[in-house]
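Student: Residues per chain, in single letters:
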Amino acid sequence: EPEVTQTPSHQVTQMGQEVILRCVPISNHLYFYWYRQILGQKVEFLVSFYNNEISEKSEIFDDQFSVERPDGSNFTLKIRSTKLEDSAMYFCASSALSTTSNEKLFFGSGTQLSVL
Amino acid sequence: GNSVTQMEGPVTLSEEAFLTINCTYTATGYPSLFWYVQYPGEGLQLLLKATKADDKGSNKGFEATYRKETTSFHLEKGSVQVSDSAVYFCALSDPLTGTYKYIFGTGTRLKVLA
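Chains as they are written, first to last, in the numbering used here: chain L, 1 to 116; chain D, 117 to 230.
Keep in mind the hints are simulated off the structure, nothing from the lab.
Bear in mind the structure is a predicted one, so any value in this text is a computation, not a measurement.
Misleading hints may appear alongside valid ones.
[Claimed, not checked] Which residues of chain D face chain L? A few of them, derived with a C-beta cut under 8 Å, are: (1) 157; (2) 158; (3) 159; (4) 160; (5) 162; (6) 205; (7) 217; (8) 218; (9) 220; (10) 221; (11) 222.
Where is the CB? At the ideal position from N, CA and C, for every residue including glycine.
Could you build all of it, start to finish, from the sequences and the hints given here?
Tutor: Below, the structure written as structure tokens:
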């Protein structure tokens, strides 16, 4: 089965530093997402992206966050100035369609971000 | 707002034991319901889904029935194996609030002992 690939698997950074989390979605998918899971808490929706623009974002996705599809294959999440509370597992996901609520999301294995 | 509540883990079972992981939901519309599984070092994988009331999703011996009257979608397996050890996430997608904004539970870690 095709895979969503995320790099790095683990990122350690100092508070205030910028980080970029990288994802390679499945090649023919059109919709891209970031979710995150703070340890012991729920997996939370951050943002969705379609046709080179943000479709929807959650309250968590403030001005410190941005997403980009710099080329035909990568999808990145940038945190401009990391805070301690940004420490979490970040999951990238993609889907072929977004027209029905039962559309299958394909997830990557996640990037564990640790902010010190 | 929409939410998913699933039982706290970890759940530790012996091989061939019966598994139930409870999941209840709150949603404004008629959501689709999912169980995702995360094996160690891997991403979230769709295990099964149900899109309307009384639907039963099944895969790899796991089953879950969409119960609208109890707003539940409990995951069951008759005989677990060591290879089922993973974290299981219940999730919903509500067409009224967004087709891709899945709402997840906290996950339940299952450990199966040989």
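Student: Next, verify each hint and record whether it holds.
Tutor: Now for the hints, and whether the structure bears them out:
no.: 1; hint: 157; in the structure: holds, 7 Å
no.: 2; hint: 158; in the structure: holds, 5 Å
no.: 3; hint: 159; in the structure: holds, 4 Å
no.: 4; hint: 160; in the structure: holds, 4 Å
no.: 5; hint: 162; in the structure: holds, 6 Å
no.: 6; hint: 205; in the structure: holds, 6 Å
no.: 7; hint: 217; in the structure: holds, 5 Å
no.: 8; hint: 218; in the structure: holds, 7 Å
no.: 9; hint: 220; in the structure: holds, 4 Å
no.: 10; hint: 221; in the structure: holds, 6 Å
no.: 11; hint: 222; in the structure: holds, 5 Å
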